[in-house]
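Undergrad: Protein chains in written order, with our numbering: chain G, 1 to 615; chain B, 1 to 127; chain A, 1 to 493; chain R, 1 to 238; chain Z, 1 to 303.
Calculated from the structure, these hints are not laboratory results.
You may find that some hints are simply not true.
Claimed, not checked - No farther apart than 27 Å at their CA atoms in a straight line, the calculated lysine-lysine pairs in the DSS-like style are these:
#1 LYS482/A / LYS23/G
#2 LYS291/G / LYS569/G
#3 LYS146/G / LYS439/A
To be verified - Between beta-carbon pairs, the in silico distance windows are:
#4 LEU117/B / SER159/R: 54 to 64 Å
#5 LEU117/B / THR107/R: 28 to 38 Å
#6 ILE31/G / HIS55/A: 52 to 62 Å
#7 MET264/Z / ALA573/G: 46 to 56 Å
#8 LEU406/A / LYS3/R: 53 to 63 Å
#9 THR161/R / ALA456/A: 38 to 48 Å
Bear in mind that the values here come from a model prediction, so they are computed numbers and not experimental data.
Even glycine gets a Cβ: it sits at the ideal position worked out from N, Cα and C.
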Amino acid sequence: MNTIYIIFLIFLGGAVFTYFAGKIHKVLQDILFLVSILVPAYLFFANVEIGQNVNLTLGGISLSWGINYFSWLFSLIVLGLGSLAAIYAVGFMKGEKRRGYFYFNFILSIMAMTGILLSRDLVSFFVFWEIMTWSSYLITIYNGNKVQSIGIKYFVFSAIGAYAMLMAIVMVHHITGSFLIGDMIHAYPAMALSMQIWIPIMFLMAFGVKAAMMPLHVWAPGAYSNAPMAYTSVFSGALSKMGIYGMTLVLVTMVNHIPQGVWFREVLAWLGGITAVIGTLWAIQQDDAKKLLAYSSVAQLGYIITGIAIGTELAMLAGLFLAVMHALFKGTLFMVVGAIEKQTGTSNFTEVTGLIRKMPWTFLSALLAIIALAGIPPLGGFVGKWMLYESLITSNHYLLVIVIFFASTAAFLYCYKFLFGFFMGQEEKEWAHVKEAPAVMVLPMLIMALFMLVLGTFPGIILNPINHGLQALGYADSYKHLWDTSIILNSWGNKVVLQPILYSIAGIFLFFIAFLTWKGYKNTRFISTKDISSSGEVPKEDENLTFSVGFMQPFYRAVEPAMRRQIDKYYNAFADGLEATFEFLRRIYTGNGQTYAIYVIVFVVVMLLFKDFLF
Amino acid sequence: MDSTLFSYLDYAVYGTAVIVMLIGFYGAMVKKSLLKIVIGLSVIDSGLNLLIVAIGYYKGGTAPIFSQGFLENFKSVSKMTDPVPQALVLTAIVIGFGVTAVALALVIRLYRHHGTLNIDEIKNLKW
Amino acid sequence: MVGTPVLFIAIPLMAAFLIPLLGMIWKELVRIVPGLVLTYLLILSINLLDHVLAHGPIVEVIAGWGPPIGINLVFSALSGFLVVLMEFLGLLVWAYSYRFKRNVDYEPALKYFLMLMMLITGSVGIVLTGDIFNMFVFIEITSISAYGLTAFYKGRNSAEASFKYVMMGSVASTFLLLAIMIIYAQLGTLNMADIANKIHLMNPTLKIVSYIFFVTALGIEAEIFPLNGWAPDAYAEAPGPVGAAFAGIVVKAAVYAIIRYTYTIFDLSGTFNFLIIIGMITLIIAETAAIRQEKLKRMLAYSSIGQMGLVMVAFGFGTEEGVFAALFLMLNHAIIKSLLFFSGSYLTYNSTDKKISEVNGMSKFLPITSLLFALGAFAIVGLPPFAGFWSKLAVMTAAADSNMILIMALVLIVSVVELVYYLRVVNRVYFYKKEADVKPKRPTVNALIVMITLGAIILLVGFYPDAVTGLLHKASAGLMDKTQYIHNVLSVR
Amino acid sequence: MKKVLVILLLAVLGYYTAVTFFDIGFGQPHFVAGVKPVKDIYLAKTVKPLTVSNAVTSIVVNFRGFDTLGEVTVLFLAVTVLGSVLYKKRHAVGERSVLFNASSIVTAGSKLLFPAIILLGAYVFIHGHLSPGGGFQGGVIIATGFLLMLLAYENYSVSHTALSIVESLAGITFAGVGLLGFMHGGTFLQNFLPAGVLNNLFSGGIIPIIYIAVGFKVAAELTGVIYTVLNEKGESNG
Amino acid sequence: MEEVLYNVLGAIATFLVAFVVGMTYGGLNRKITARVQNRKGPPFYQNFIDTLKLASKKSAIHHGVMQHFGPAFLMVTSVMSLLIVPVLTHNQWFPNLNFHGDLIFLLYIMVFGPLGMALGAGQTGNPNSAIGITRGLSQMVGYEIPWVLALVALMIQYHTTSIVGLMAVQAQSGTWLMFSSPFAFIAAVMAMLGMFSYSPFDVVIAPAEIASGPASENGGKYLFTMMSSGSVFAFVKLTLYVDLFMGGADNIVILLVKTFALYMIPVLYSLTTVRYRTEQSIRWFWGWPSFFGLLAILQAVIF
């Protein structure tokens with residue numbers, strides 16, 4: 001049997017067995033869970049060859065599964081992050097209720113994402129897409145909070161997207177007579193103009209929803225923050241990348257072939273930019289870490305969308321690199337929040353403070369991830385941002401640069417808020433009992449933090465697969481050509497101009513650590529944060545001086561007029577209006593049998609009157 | 001018999017049947033009492049049955065019975081009225097009876113449950 | 001050959017007449033015999049279907065008179081498929097109700113099972129018969145059993161629901177008879193194949209009028225929009241399994257009748273568009289009404305109506321693909337909606353109002369039932385990899401191939417509405433706190449088995465749709481080929 | 001308002017229905033040209049192979065006997081539904097709830113008339129294949145007899161069990177005869193008895209048997225209906 | 001190897017120059033402010049005395065590791081920016097590590113320090129620090145907009161993202177960019193007002209209100225590091241402006257003249273205004289400065 005089948009069977013069987021294993025023993029359940037994620041991941045990277053295809057026919061539809069370089073790139077995100085998150089989840093879910101439910105859906109959603117990447121035909125693509133949607137939906141509502149508002153909103157948006165995609169799929173099938181993606185791409189240039197425009201739009205709707213693109217993003221903050229953090233790292237890190245994956249495919253294989261494509265790209269790029277700004281502004285205002293990170297995810301996805309939409313080779317490199325980075329740092333950050341929530345029971349900045357000495361390793365990973373998120377030099381985030389700006393400027397998107405730059409500058413605000421809110425500030429007695437999260441949770445975070453560090457210095461590690469992937473999509477090899485011509489990345493490769501700078505940063509840094517930190521640290525003694533001098537008097541032990549409520553208020557006050565109008569409100573008003581209409585419509589059923597009988601006569605009479613028109 | 005007069009009679013039979021039906025419909029749809037509604041329903045049935053039987057009629061036709069006299073006098077079945085509508089009407093009547101019986105039983109139940117026969121007050125199920 | 005189609009009618013009738021006598025011997029027989037009969041008929045139908053798929057349709061004449069003189073029964077791939085479905089569901093409904101009715105006295109139990117069996121028989125008869133008047137008789141058998149089943153429970157508003165049903169049902173039978181008589185008065189025959197053969201001779205106006213009357217009459221059973229006032233009430237007030245039987249059996253038979261008239265008998269031009277229009281209206285109104293429901297069963301009822309609208313739309317495409325999609329939908333709807341009714345009635349077992357809010361937090365008390373309900377909800381909104389997805393895909397493909405883009409979009413938008421209200425209920429089942437005064441009732445073993453069987457079928461069809469698609473393709477090809485049908489029937493002597 | 005609307009609607013409906021049937025025409029051949037209506041075949045075959053005098057009976061019981069089986073079932077079902085709808089727990093069943101004040105003339109007359117009515121009914125359904133009438137008509141006549149008795153006597157009662165046995169047996173006979181025909185000739189309800197001579201009592205094969213069964217059944221069922229309704233109690237929630 | 005040695009020595013020399021100049025400027029600022037306000041004011045070398053005192057102090061306590069890291073981060077940033085910004089052209093004693101695209105790099109590296117500092121200040125647990133930081137970061141987002149607008153305008157107009165490239169452009173054409181791109185210059189200078197955090201944009205430290213804000217819990221060596229890095233950073237910023245808009249400098253005298261001239265803008269402006277609230281200053285930056293920035297971009301795109 002082919003490895004691909006085996007992978008899916010392990011996933012599926014694993015999901016079911018894991019679900020029921022909880023009835024036998026909890027540890028068995030954990031082990032089964034890990035096995036059913038890690039083994040397929042191993043098999044995938046070890047045994048599945050790129051370019052290999054398997055075909056099968058189901059329900060009269062021929063399905064085809066296989067992998068190319070481009071999807072392999074995303075499988076790195078999905079299975080890599082998925083495996084780490086799985087390990088983390090074992091720690092996170094310890095002692096929680098409904099573990100079987102969680103594990104089941106976790107496995108299924110990893111399977112679905114793998115399936116999406118493996119799909120070479122639209123039907124299995126759609127099937128896996130929907131499985132991904134509902135499994136993630138089920139985890140989103142796992143804790144039972146706000147299931148009706150957040151959960152349904154997520155699902156409705158996903159469904160609207162998915163149905164748009166379904167329409168596109170069947171239209172493609174109508175035109176080409178086949179469900180294969182290859183056939184669709186092949187037939188696309190010869191289609192009628194209206195089809196050429198509508199099919200990408202509908203696909204982009206589907207992908208835009210998952211990638212939390214601007215008018216379709218309203219589900220994301222709620223869903224991201226409501227899911228258990230062990231899953232949200234995958235949700236925000238990997239699942240949203242499926243939208244990016246699809247978007248890239250549509251843009252490259254379809255939109256590029258029509259002259260109107262440039263409008264698609266412009267609109268998408270701007271939507272991405274606006275998404276970034278909106279996400280950032282809202283993130284700054286949040287007091288809940290989960291919400292903050294959720295909005296931040298929306299914003300980060302905006303950058304990625306912009307990069308993909310610009311579509312020059314450099315922009316693609318930037319977008320995909322940012323995608324990988326986003327998976328890493330946002331995965332880490334959600335894990336951090338999860339660890340904190342696990343240890344303290346809350347994820348609210350206004351409640352938790354001063355954890356830095358209690359959870360040093362968590363803090364370290366959070367710090368590195370935040371630095372990467374903010375795009376500050378030594379870490380990988382900077383490389384992606386840099387390429388993005390460069391590509392925006394070289395492709396003449398001047399205003400967009402400003403927009404993106406504004407978003408990423410404003411991102412510092414919430415970055416700091418995140419770090420300060422949890423780790424800094426007064427160390428309160430209330431949290432004195434807090435301990436570092438178990439190793440099984442800390443380890444994945446640290447591994448990812450390490451990756452970010454490495455990628456900042458050696459981005460080629462991930463740029464190489466991206467390059468292969470882009471070549472698979474028909475882009476030219478950018479290894480020499482692009483990295484040479486790029487103003488930023490000139491003579492990258494082995495002899496890197498940036499590297500001396502990075503080394504010198506490291507050198508200076510170490511120097512000052514030696515000069516100031518180490519020596520100072522040795523010579524001074526630690527005193528509690530209660531013992532602060534400058535405020536005139538020493539606060540009492542039970543006095544809470546941490547400044548955390550309304551943290552970024554000055555900034556928020558400045559941008560308030562822009563934030564009064566929320567898209568969310570419009571959607572809600574629309575939905576309420578619809579429901580009111582429905583409420584009115586259903587009064588047709590008056591409950592009076594006579595009225596119903598009159599309806600029958602009305603029906604007959606109307607048909608008789610219009611019979612010449614109807615038949 | 002005068003042929004024009006007879007053609008008016010044509011209209012009379014069908015017309016009566018249709019009017020009976022319409023009366024039934026009116027009763028079933030406007031009257032408030034459950035019993036009157038049921039009566040209306042069976043009036044519809046009556047009109048309908050009349051209509052159906054009328055279709056089978058032929059001018060000057062005999063009953064579709066091969067009595068001794070018929071066999072001797074006519075020899076031709078084309079002189080007989082159409083037996084099929086009659087057979088169908090038989091079935092329809094019986095079915096109508098069944099439905100009416102059920103409806104009446106339900107009226108009893110409704111009266112027991114709601115204490116009224118006014119259909120406007122029996123609207124617990126709606127929307 | 002193990003039997004002929006007439007046994008589907010004769011045996012249950014025989015049994016129905018016998019059961020009161022058997023009940024005098026041993027009361028339990030009243031419950032057992034219908035099950036035996038249904039089991040036998042299920043086996044028989046499967047065998048016959050097998051035979052039919054290999055050798056072509058069976059046309060059976062009654063009383064030795066070949067068409068068009070006598071009444072004939074046609075067991076083709078299409079009707080065979082529906083018969084298997086109905087007998088299967090009937091068996092499940094029986095098994096589900098077997099102990100469900102344990103707390104009921106002997107006498108009502110006897111009547112319940114009799115009516116249930118007659119309901120199934122009537123529906124099977126509608127599907128099998130090749131004679132329009134005979135179809136009328138079977139429709140009446142079905143309706144009267146349905147009236148009785150609807151009003152089965154005392155102390156609820158069931159009589160009210162049933163009375164509305166009776167009112168509309170009698171109007172329906174009036175129009176049906178009128179339509180039949182118009183056709184007879186013109187063509188002098190009642191046999192479907194014969195009518196189809198001669199329909200082009202008919203006066204076009206009369207043809208249209210009779211078609212309108214037919215659609216009105218059958219539309220009441222098939223829950224077409226302005227004619228479906230009875231449906232939500234009846235579904236809501238009938239015993240739970242009966243709701244499943246309505247959705248899975250009765251409505252299917254009525255839809256089959258409409259389709260038979262539209263595809264085979266009449267040769268009018270605008271019928272397909274007409275089906276699409278009424279289907280769309282039904283779909284939209286029903287789904288919008290469903291989202292605002294406070295009672296679980298009413299919600300399921302409206303959903304069922306909506307699904308039937310979708311089936312109509314799919315039939316309205318008028319292509320073989322469309323028919324295939326519609327049949328697939330009917331199959332899925334029958335299975336899934338039955339599961340929903342079965343599990344839903346246990347979720348609200350001890351409540352009088354059957355409010356949706358009363359299912360809150362039931363997953364803790366009824367884990368398997370809740371799981372199956374969720375499975376059904378997911379399947380009916382067409383989420384892969386469950387059964388509903390394939391039919392939705394088929395409908396969409398058919399729509400695209402008929403260039404019905406707008407229809408497609410509308411259907412999908414409405415599906416979103418459907419999704420919302422199903423998910424709301426599932427969320428309540430799993431994530432809300434149980435209300436203190438609600439007492440859950442554990443499902444009986446046979447009910448569990450029935451529900452699990454349905455769940456397994458949903459998964460089976462979902463993961464391996466080939467299990468049914470071959471059959472459905474044959475059935476849809478059979479429906480499309482009108483001349484073949486006429487030939488098959490009329491060549492029998 | 002509602003009335004006006006209904007009247008308008010009904011006017012349109014009535015107009016179209018009437019026009020349709022006027023188009024068909026009354027009392028003259030209305031079948032479209034080139035069509036050979038089945039009624040001619042029915043009439044022809046009624047005499048020849050079936051040797052039944054009453055063509056309606058031949059159609060009802062033989063050509064379209066299947067319909068009749070269904071029809072009988074409808075009646076049977078109606079009784080079942082009635083019983084189900086009006087079912088009461090044992091302890092709630094008491095005396096008849098609907099009582100009439102019958103004068104002694106009525107009571108005495110009823111006693112006198114009852115056998116005659118029964119006899120008439122029996123006559124009608126036995127001769128169903130020869131003269132107008134048949135099982136249904138006969139059954140109804142018999143049921144009228146029982147109705148008369150029930151009206152006249154307050155304490156007159158019919159055994160439910162007996163009724164149910166009769167109707168079951170009659171139904172079984174009908175279906176059983178049909179199945180015998182199936183075994184004999186390969187089709188359901190096929191005639192397997194000698195046809196006899198036209199206009200004789202013993203003619204028409206299985207038709208008289210079926211009609212007798214139908215007669216019994218209809219009689220039993222109608223009586224059952226009447227009896228059930230008469231025993232209905234006026235109290236709420238039975 | 002020898003080159004590396006030169007580089008290291010040169011870097012130290014640059015640092016010293018920057019330190020001295022920055023400190024002096026800071027002292028002069030105090031002096032000028034005092035004179036304008038009709039006070040005598042401290043001597044211009046007062047800052048040197050202060051730092052000396054602070055450097056000689058020995059800290060006895062700390063509030064955690066991050067408190068040590070904070071000033072270090074700040075210092076690293078100052079030095080990094082110093083190394084990237086060309087101080088003097090054609091002078092081997094003032095080497096720089098600039099490379100193509102360093103403007104973007106600089107934009108990011110410049111916020112690295114404040115963020116690190118903010119972390120250090122955060123761990124002290126002093127609420128005043130946190131308040132100051134939120135104000136500072138918010139204000140930063142404010143002035144970054146016109147600043148980036150100006151920079152992007154330059155990048156567009158001269159097709160380079162490197163400081164050296166822009167300097168080369170000026171050398172080639174002989175015109176300073178402040179004349180050829182006046183709008184960009186105006187926007188950049190207005191942004192500079194924010195960067196220096198002098199009045200009216202001094203809500204960040206607001207000495208009388210929140211006890212110097214971020215620095216409030218630091219003393220001794222910590223404060224010394226912060227002050228010196230602040231001085232160096234001021235020098236870096238001024239030099240950067242000179243490089244970008246005023247053609248750079250060949251020798252140190254010209255550099256001092258140009259930088260001092262520029263430095264006078266925020267200093268003098270601060271004397272005429274009163275403190276803005278944070279949101280007021282943010283809106284101020286998003287008003288006219290951003291408008292000029294947009295004009296600059298318009299100019300760059302059109303010409």
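Undergrad: Now tell me if each hint is right for this structure.
TA: Results for each hint:
In summary, the hint linking LYS482/A to LYS23/G is not supported, as the alpha carbons are separated by about 57 Å, beyond the 27 Å threshold. Distance check on the hinted pair: LYS291/G and LYS569/G sit about 17 Å apart at the alpha-carbon level, within 27 Å; holds. For the proposed pair LYS146/G and LYS439/A, the alpha carbon gap of about 25 Å is at most 27 Å, so the pair holds. The supplied range of 54 to 64 Å is broken by LEU117/B and SER159/R, whose beta-carbon atoms lie about 32 Å from each other.
Our hint of 28 to 38 Å for LEU117/B and THR107/R holds, since their Cβ atoms are close to 32 Å apart. With their beta carbons about 55 Å apart, ILE31/G and HIS55/A fall inside the hinted range of 52 to 62 Å. Taking the beta carbon of each, MET264/Z and ALA573/G are about 55 Å apart, inside 46 to 56 Å as hinted. Between LEU406/A and LYS3/R the C-beta distance comes to about 40 Å, which lies outside the given range of 53 to 63 Å.
Hint check: THR161/R to ALA456/A, Cβ distance near 44 Å, so the stated range 38 to 48 Å holds.
Against the hints set out earlier in the document, violations occur for numbers 1, 4, 8.
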